[in-house]
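The primary structure of each chain is shown beneath.
Protein chains: 6
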Amino acid sequence: MTSELALEFARKIRAREQAVGYWAVLDAPVATERIGRLGYDYVALDAQHGLLGYSGVLNGLMAIDAGHTAVGMVRVEDNNLTAIGKALDAGAVGVIVPLVNTAADAAAAVAAAKYPPMGGRSYGPMRSALRIGPVPAEANATTLVFAMIETPDGLANVKEICATPGLDGIYVGPSDLAIAVGGAFPGDPAIETEFNAALKTVAEAAASAGIAAGIHTPAGEVAALRLSQGYTFTTIASDLTHLEQIAKAHLAAATAAVTTKD
Amino acid sequence: MTSELALEFARKIRAREQAVGYWAVLDAPVATERIGRLGYDYVALDAQHGLLGYSGVLNGLMAIDAGHTAVGMVRVEDNNLTAIGKALDAGAVGVIVPLVNTAADAAAAVAAAKYPPMGGRSYGPMRSALRIGPVPAEANATTLVFAMIETPDGLANVKEICATPGLDGIYVGPSDLAIAVGGAFPGDPAIETEFNAALKTVAEAAASAGIAAGIHTPAGEVAALRLSQGYTFTTIASDLTHLEQIAKAHLAAATAAVTTKD
Amino acid sequence: MTSELALEFARKIRAREQAVGYWAVLDAPVATERIGRLGYDYVALDAQHGLLGYSGVLNGLMAIDAGHTAVGMVRVEDNNLTAIGKALDAGAVGVIVPLVNTAADAAAAVAAAKYPPMGGRSYGPMRSALRIGPVPAEANATTLVFAMIETPDGLANVKEICATPGLDGIYVGPSDLAIAVGGAFPGDPAIETEFNAALKTVAEAAASAGIAAGIHTPAGEVAALRLSQGYTFTTIASDLTHLEQIAKAHLAAATAAVTTKD
Amino acid sequence: MTSELALEFARKIRAREQAVGYWAVLDAPVATERIGRLGYDYVALDAQHGLLGYSGVLNGLMAIDAGHTAVGMVRVEDNNLTAIGKALDAGAVGVIVPLVNTAADAAAAVAAAKYPPMGGRSYGPMRSALRIGPVPAEANATTLVFAMIETPDGLANVKEICATPGLDGIYVGPSDLAIAVGGAFPGDPAIETEFNAALKTVAEAAASAGIAAGIHTPAGEVAALRLSQGYTFTTIASDLTHLEQIAKAHLAAATAAVTTKD
Amino acid sequence: MTSELALEFARKIRAREQAVGYWAVLDAPVATERIGRLGYDYVALDAQHGLLGYSGVLNGLMAIDAGHTAVGMVRVEDNNLTAIGKALDAGAVGVIVPLVNTAADAAAAVAAAKYPPMGGRSYGPMRSALRIGPVPAEANATTLVFAMIETPDGLANVKEICATPGLDGIYVGPSDLAIAVGGAFPGDPAIETEFNAALKTVAEAAASAGIAAGIHTPAGEVAALRLSQGYTFTTIASDLTHLEQIAKAHLAAATAAVTTKD
Amino acid sequence: MTSELALEFARKIRAREQAVGYWAVLDAPVATERIGRLGYDYVALDAQHGLLGYSGVLNGLMAIDAGHTAVGMVRVEDNNLTAIGKALDAGAVGVIVPLVNTAADAAAAVAAAKYPPMGGRSYGPMRSALRIGPVPAEANATTLVFAMIETPDGLANVKEICATPGLDGIYVGPSDLAIAVGGAFPGDPAIETEFNAALKTVAEAAASAGIAAGIHTPAGEVAALRLSQGYTFTTIASDLTHLEQIAKAHLAAATAAVTTKD
Ligand SMILES: [Mg+2]
Ligand SMILES: [Mg+2]
Ligand SMILES: [Mg+2]
Ligand SMILES: [Mg+2]
Ligand SMILES: [Mg+2]
Ligand SMILES: [Mg+2]
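Chains as they are written, first to last, in the numbering used here: chain A, 1 to 262; chain B, 263 to 524; chain C, 525 to 786; chain D, 787 to 1048; chain E, 1049 to 1310; chain F, 1311 to 1572.
Hints in this document: simulated from the structure, not taken from any laboratory. The reader is advised that the hints may include incorrect statements.
[To be verified] List of simulated lysine-lysine pairs, BS3-like, C-alpha gap at most 30 angstroms:
1) F/K1558 <-> E/K1248
2) F/K1510 <-> E/K1296
3) B/K510 <-> A/K248
4) B/K510 <-> A/K12
5) B/K274 <-> A/K248
6) D/K986 <-> C/K772
7) C/K772 <-> D/K1034
8) B/K462 <-> B/K421
9) E/K1296 <-> F/K1322
Next comes chain A alone, as it looks inside the complex (with noise of 0.2 angstroms):
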């Protein structure tokens, strides 16, 4: 990826304005091209529950890269050096980490991300020396990080989490905080007033802070709403369930028109 695109991104998320992603879970980098021609400020690769194992990282990665268009993040699969390095090391402009509970937590996300003296990042650019120059200090500049708040200790502790130096923003897993809450599912009417008042807390938590709130959503018009509802950015997910959707519409159109011969 070009370091203006990024540079442009890391800015634009810090001066918290707003942004849309997509969502990919699937090892398919031709369709994630695809997606990132589209307009999408970013694309975000789940290594965590995608199909994507480290060369579906590594290729998607690519792939958005040969775009043009859009960066592309990773939901790493876990908070350590290892995960985040290597997502990190692949081009990725930042990294989304899950499960992210207490403010120290948070900070072991933002050491791992960051090159010393910020944090312990072992030096080792593969993709992202493409972008980055020589200076590792510099290169931390470019690199975004964002802690998921998907949890009850997660929410309890969102303030703190929201003042780790070095975090540039927060990012809300639905389905997870659903739960949190007292859902039994994600979506459960039953919570409604429960979530939406924590997805309050975690945006003004975010804007006191002055870093940026993000969050998932399944679709453009929930994806508008989070939006309009104080959130920086929002990732509309997902390529395998946008396909499902969109092969069932089709079939339902189509057969309506199947008879079967007698």
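Add chains B, C, D, E and F with the ligands to chain A, keeping to what the hints say.
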């Protein structure tokens, strides 16, 4: 794939009962598996224009079979023993053979798909052995062969092609057929009349020969139209273009709300 | 995999009914598919010592499901949220967790495999969504967790481990257990008494706790023996060693006849 | 592969000394490596019916070479420059070319495998360069070419095929040959006499021409029989069917003991 | 790849302006991406002799496009619709077609690369759709076709080959050409005169026909020489041999200092 | 890999005899195989920063073994049982463990690499079984463990780290070490004195402890220098950067001659 699904699908096609399939060009088996569970009669993997090498076809067929609902077909990359044999050995119920221009081409496709004495397929079942018994001639009965009509020659020779012994159906490639009848591009409105006449010619040739007429379509609505026009089966396509469409639509819905901070 | 197979397997294991599985270390989905159709209750994919990366596990589980006869389990590479979550998201019915030394280790394994409030698994079903409905707590009911007993500590703490809420069984790794009781190598006859005593201790601990006792075995005869000794389920292993054995035996049979021209 | 192994194997085959090989259809390099270390003279990778794409062939040949005991051969998927050239460039010592019906087919196979002036192979050694020096004509000397006899035409023309300059041997595909002599399926007892006569015809044709006669066999005992009947080399096959057999046998041994709780 | 780069490269080649490319045989997309950013006009992926299957070509072209500097070409493995169509669908700007012996061979290459009415390419753009619009005839304008001159026949027929309508250039395979003019091996000094005469013949034939003359070279110095001799474009090759050379040189530099302890 | 090579390499390292290796970050087994045949004592595959997932490490080790000249090592991605166990099971002779800060870290690395009673490695040899016999304790003797010194803490604790029982050597990561001693970037001339002092401290600590001192270097000349400064072994690196360098140099040589038509 279980024998039952394959046998029933072969029976259905040969009885000219209507069927609807989905067209996959992505090497994304989990997506293919999901689509295969939606109720489509078959999923066709495109080894000609699709993004599928041999392992993509193999994994895709396994994914379809894991769904236990649809059967797997392959649009092979070439009309020869190797391409057709590998697709069938990998477990495809049938092959869609591109660029069939003459009855001799159609006969070659049949010969490649059938064991002696009907054809010249070499015996070495791999995944196909899970379905067929040890008698090659019986395996022939469950293997479907479709010849694509998509060139000026193919259109001119459609009757002779339909008369090919062992051929189970013909299959229209509408993009190439539009160009074949003089269009400047697929869907060119300037040749709508010629295109529709060609579609009619093909469907009638199949009907006269008592074999199935299939056609590729971009959407469920078009599929319904083709079925109403006498086509036996239609494939809706493709995962790649559908995914691009839906991702684009969600972006539009989301970005209505995006504002730039000022 | 269909819900029915998974539910029935979970019921069987929890009822301590006997089951036999096969152990796969090869990333060879078509072979795994075939083995899965032979009548084994389950096929276990070894992500710890086996030759399977993430894509191997994913394709292997799909292959087992394509056989529609056995369920797929995964021996995970690590006792943490990431390894266990990814195996389950990929469609495994259960996980075999290595190197469980204490009840705390066992509790961590359960927590990683279960959605809140029972555990801390993050919600993002991929292939597992094909089987479970949208209610995470219900998904917990069909997810099996087994703790491996294979170290001195694990053996010493086996009762406490068996008492772990949510644990469905324990699983003996006989190679490591032989070394744990003082053997110089797996199968060391010098510690046969200690080894058999350990096997008995483990089986009885499971029986007392009312959970299943599983064990790895190299051959069907040993599997039969272990079942007769009170083990609930046994896995026969592995495709790699079996293939080596049979290829060696056929070479011996063939080369009796080879002569050198003179 | 070292030159020594390749040179010695070529010498042996051309001297009509007996050799035994193993037939691999699985893309499972570690298994192939192990089998290659058991003492087989060669391992043949099946790119026609096997589950091996290009990368499977490449990795399989490397695996065989890592064993440093057997040489690697490839049964190519087609009788043309591309298929034969790619197998040899990947490091195969020889190619088994399917469906050779005539002396012209055999000559085409030789031409595809040999550099000018002997043939038309294009120069671009990749792994083969590790073995051969820079002189293409010398490389020709270590490249083995076998024509498969497996069709009625091939059987009828076997003498002319054997007389093809540069051909190192013929190779019987017994399944197809059984069908070619009128069998309803491979191993059909109804045509045992004709099949055995055909085997004799082929072996004698090779002996008369002074080239090697090879044959595929399902088991070591059959391999021993064929060697005693005058065949020079036999391949025992395949890893997939052997693995299925042994897994089935172990299940039978285990399940004798399985009881259902009641 | 952006249209602009492709269009400019096509213009440049057709204007016989000089260009320099790099030759990749490794399936190592990140390396290919880096090389593509060094300033080469194009990177050619070798699907004939190179270590690249279909996925290697696809990922390699994406990697080149991610660099946004060079365009991607493919030396296809065969002169037919399938090989040429798949390379172009995967996003190649042009194809280098091996072993062109006659004007008929060259015409077949052009026909395979161009949509009707110019040729017989089937319509199904995948990555190529990112670049071309929906009008196939317009896509033809940005697709380059080069015929390799590397055999005695090709050399004899070079004028007729150059006269093929739609052919954009010829391309010398110097290893095969050296053998074609009687050399015992590539670079054989014994045929230096004949080889240089052949190079001149080819370059003049292209110049007379007004099409580009390309040639493969092992090193930048040779590339410079060929450009000075009238060649339009040269590819420097290959990543595999270059890597071997540099690794060897560094070992020599290092081992001067290695001593054995005594 | 054969036992002989592994045993000899282990002996050499433990005797502090000098050795030179090559550093591979590309998942390009044929390139790795070639480099492994050049005379290097070992090839190290980088699973931390390199472009290698699990299958890349597995295939890379097989490629090195196919060369039969060098042994394969792995720089693992993490200091835990899983990462170290998988690398060794895949056939690595030794592991280079990153980011070792304390003697406890070093002890953990040893424990992960050694079978009981020396450590806690689980028994399940895969490719390593080709080399070692059935006695785990004997396998320990051929397994090398190196701790990376590359952080301020690691440097401060180098003596204690070197005293770790079972540790075979330490290994300097010069990029991170340069930053650790206050450099702004790898090779920062501003801290040359501190860097050289640190190199001396590390080499002396290893010498005092009687274990090997290894170091990464970018070029053969630097490797020679480090060996002359008392380092036991040095790795020259990497294939990716070397390939980029040589491709750049050849472009410069070629483009001197390129002219634009006018
Ligand atoms: Mg480091
Ligand atoms: Mg055959
Ligand atoms: Mg979550
Ligand atoms: Mg050539
Ligand atoms: Mg078409
Ligand atoms: Mg164990």
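Under the constraints set out in the numbered hints, which ones does this structure not fulfil? As far as the earlier hints go, not one is violated by this structure.
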